[in-house]
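Take these sequences, add in the hints, and give me the full structure.
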Amino acid sequence: MPAPATDTDIGILDTTAAAAAPAVPPPAPAAPTLPVPERAPQASAAASAGATMRHAPRKVELDLAKMRDEGMVTAAGGRTSLLEDFRIIKRPLLKRAFDAEGNNGKPGNLIMMTSSLPGEGKTYCAINLAMSIAMELDHTVLLVDADVARPSVLRTLGLPAQRGLMDLLIDDKLDVSDVLLRTNVDTLSILAAGTSTPRATELLASSTMASLVNEIAHRYPDRIVIFDSPPLLLTSEARALASHMGQIVVVVEAQTTTQHAVKEALHQLDGYDNVNLIYNKTRDIPGIEETYDYHYG
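Per my numbering, the sequence shown runs over residues 383 to 679.
Calculated from the structure, these hints are not laboratory results. Since the model is a prediction, treat every value here as computed from it, not as a measurement. Check the hints yourself; a few may be wrong.
Derived lysine to aspartate or glutamate pairs resembling EDC-like cross-links, with alpha carbons at most 16 Å apart [stated by the list, open to error]:
hint	residue 1	residue 2
1	Lys477	Glu646
2	Lys477	Asp604
3	Lys441	Asp560
4	Lys441	Asp604
5	Lys477	Glu518
6	Lys477	Asp520
Pasting the structure below:
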């Protein structure tokens, strides 16, 4: 169903833009516990050479027409206010992505998308930011569902649950290529949340996670990695994840999220550089199909 015509104020630090954001779906149910199948035995030649046999990433098909109809960014969707808004949103993030200075010494191409509370549109923004960056000529994108308690990236995209991030942290025999999902958008890959575990916070704060994010940050020199994180005020997992990130984006739903909640969320991020705000404010404008404005502070 096409997204309604809206006028949305979206801001990043000193920059604000308007976007047409559809209603955010309710939080997904708790992630199912998926079995982690045993790896296939290594080929004898590879074993004798001391090499590790890896699987080619699995490919999944995104229903781009359905995504467009649901108000998401797609390359074939034409020039819309939503597309223009995310072009504005991504530009300062890309500028800082490979900045050798700042970012608390963390890779700037690791971008965490979060919110104060559930339902503010963080997953919607994470997907659209990934789709917008995937349209760049000089970058590829990895979208990671790191909301491991209630993952919703695959559900929003109409894809079934898969092994993913948690499985990589639990099973040291797995490689990123074993669980990575390639898509029919050539420059976009997805890493699912994976198997549910009660030790998610500890795993996200572990040295194993630090090694993993360092690997995916540096494996490809043109890669931007977007993490859809849990809400800051709901679990401790978001703070554990933030410790690895070079840039953090906090989505704020206007006229719904209280000022107190926003202050508390930002307090959780004290000491982090490059914390950005996206202000999501939607107002219906009858008779106008698509509108957007840009305001510079």
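Do the hints match the structure? See the list:
| no. | hint | in the structure |
| --- | --- | --- |
| 1 | Lys477 <-> Glu646 | violated, 28 Å |
| 2 | Lys477 <-> Asp604 | holds, 12 Å |
| 3 | Lys441 <-> Asp560 | holds, 12 Å |
| 4 | Lys441 <-> Asp604 | violated, 20 Å |
| 5 | Lys477 <-> Glu518 | holds, 13 Å |
| 6 | Lys477 <-> Asp520 | holds, 12 Å |
In summary, the structure is inconsistent with hints 1 and 4 from the numbered list given earlier, while agreeing with the others.
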